[in-house]
Amino acid sequence: MPDNSERMGPWEADRQEIVHKRANGTGLYSEIDEQLEFRKAVARLATDEIASVVKPTDIAYFVLADKLLFEKVRPSADRVPMLQNSSRRSRSIPGNLWFVPKSLAQGYAIDTKSLIAEEVFREIETLDAGERPTIIVDFHPKPRLYIYPGGISQPDISECLDLLNKSVAIQDIEMALEGSYRLLRSPDQMKALPLWKNSEKWYPVEKAEDAIQNQVIHALAGRFAHIADVRSEQPSTIGRTDVELVQERGLPNGSVIRHALIELKVLRSYGSTGKPVSDRIMRRHISQGVRQAAHYGNANNSKIRMLCCYDMRKKDVGDATCFEKFYGPCKDRNVHLKRYFLYNSSAALRQAFDNIAVSEGASPLPE
Amino acid sequence: MASLLLEKAYQKDDLRLLRQIRLLLLLDGAADAGLEPVPLTVLHALAYLSNVLAPVWHLQPFDGKILKRRDSPFYPVLQEELDRLVGRGLIKVSEIRYVKDEGKWRIDATYTLHGEFSTPVINAIRDIGFEPVLKIFCAELAQAMAALPPDLIATVMGEDATYGDPTVDVSNVVNFAEGQAVNYAANSAKAFRPDIPLTPSERVHLYVQHLQDRAQRHAG
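Going line by line, the protein sequences match chains A and B.
The numbering used here puts the first residue of the first sequence at 1, with every later residue one more than the last.
The numbering used here puts the first residue of the second sequence at 1, with every later residue one more than the last.
Don't take every hint at face value.
What the hints assert, rightly or not - Below, a list of computed lysine to any residue pairs in the SDA-like style, where the Cα atoms sit at most 25 Å apart:
#1 B:Lys135 / A:Ile32
#2 A:Lys142 / A:Thr126
#3 A:Lys191 / A:Tyr203
#4 B:Lys135 / A:His218
#5 A:Lys72 / B:Gly115
#6 B:Lys68 / A:Arg7
#7 A:Lys72 / B:Phe117
#8 A:Lys21 / B:Phe117
Said to hold, decoys possible - Simulated DEER-style distance windows between Cβ atoms:
#9 A:Lys331 / B:Ala181: 55 to 61 Å
#10 A:Arg291 / B:Pro194: 20 to 26 Å
#11 B:His58 / A:Ser167: 36 to 42 Å
#12 A:Arg182 / B:Pro194: 35 to 41 Å
Because the hints were derived from the structure by calculation, they are not lab data.
Even glycine gets a Cβ: it sits at the ideal position worked out from N, Cα and C.
Based on the sequences and whatever the hints tell you, model everything.
See below:
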């Protein structure tokens, strides 16, 4: 925690204001992924628009620009400073095509009120921005974000976010985590951030928790961009991998809703050097995770406390066996348990799918 | 070739080249924040904030003191390196004009990276892994400053916790990093929301937002 007793000179008079300043999350994901930062900034701006007195009906298009794109749009677009400040910006958000930095601190706007979506898309492609991350905010009748991480030229990987859906229940969190699990479960899908040091021998990388935490933050931050911030401890405190879903937006100043606290644990058969890890040690590891989730959850008054175990062991023993001795204690401590088994090869993943098919009645394949 | 030069400069602590690198990183961040062409006052304000807020990113300030002026911060030594980069063709200069500054005349201008020549150098800075945190910090600072109206930079900087310290008169040195000096700005940035683990980026954004809030409050 930062030293709060240090002198602040002429800002000393503002100390109380500074200590309680609303953290709007700008810069929260900057070091993780600029697209997350961009998505969060657009979601925040869109929800502010929805809450405003004049209900927006036109569509707003946001293209994440870089220096080259800014250079191209500058001659034909109007610069609008203070984009996040509704009372001071010189132009309304809807009815415009915006070229913006990830923080949405300012933007270059092109009027689109008389254009249909197809024409706006053509305008984007004319500026060679078809592959730049783009988010479309359709305010009417149901406000939605249409997110194109690879730009409008790649509509097959687009996502839709319902801005009126403000639910942060266990099921919503699980749904978001399920999306990240699809990436984590096979080494082929995690080549950029490998979890296995030697997958054939089930040796995880030394800091597997960090890679998993990164994916979990991505999943939750993307899914809840319009509601809450995903916060985690600073990287210097290695060993604690708690993730929190915290909401300040849309609440009276000073109010905070801590929707969820999620503790992450990696279950291993071996350490990264190949040293075997016993079941007993893994049970202790799970116990420690439950304690942390309960303790931090109580301390922070978190509505949901979860322990997510990412199981990198040789054999998938199933939830019932893995958590047999934990269900009761977790119920007593109000901690929700979840396990995700990570396969050491895509062949093992395919085998697991086939085992499910057989258990559901498909005839087994010959050996 | 560029990589070798940079590595050499880093090892030999070549201040002139290191200042030029800092300028390129600040301009690169400003370009990605849509701030180009960057007015001279904004560039020097960015340089000042990259010094005074460096501890928030666990970095050392490059210049730990600055001469206080009536207007926003200005580094004559940095300006020399900026002019040198213009001469080398890495930075383009436009909107050149004379402005009266504290009773004297000086040249004012706006600056833009000259992509053809600056991109290989900026790529080399990245490729040799030169102070990667500094690059992120400069980029984030530019994102935060992009929220301010450029014509209000001078007013806003007058509200800075360090530069705007009323106990330091104009024409005196504002010292925030040398000897027993206290860095009010970095302390203020570190004081935001002790109840949640803010990232250094968030602290920089909150600091600049608060600068703006103070400027608006006092203007009102």
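Each hint tested on the structure:
no.	hint	verdict
1	B:Lys135 / A:Ile32	holds, 14 Å
2	A:Lys142 / A:Thr126	violated, 29 Å
3	A:Lys191 / A:Tyr203	holds, 15 Å
4	B:Lys135 / A:His218	holds, 23 Å
5	A:Lys72 / B:Gly115	holds, 13 Å
6	B:Lys68 / A:Arg7	holds, 20 Å
7	A:Lys72 / B:Phe117	holds, 18 Å
8	A:Lys21 / B:Phe117	violated, 43 Å
9	A:Lys331 / B:Ala181: 55 to 61 Å	holds, 56 Å
10	A:Arg291 / B:Pro194: 20 to 26 Å	holds, 25 Å
11	B:His58 / A:Ser167: 36 to 42 Å	holds, 39 Å
12	A:Arg182 / B:Pro194: 35 to 41 Å	holds, 38 Å
Violation of the numbered hints given earlier is confined to hints 2, 8; the remaining hints are satisfied by the structure.
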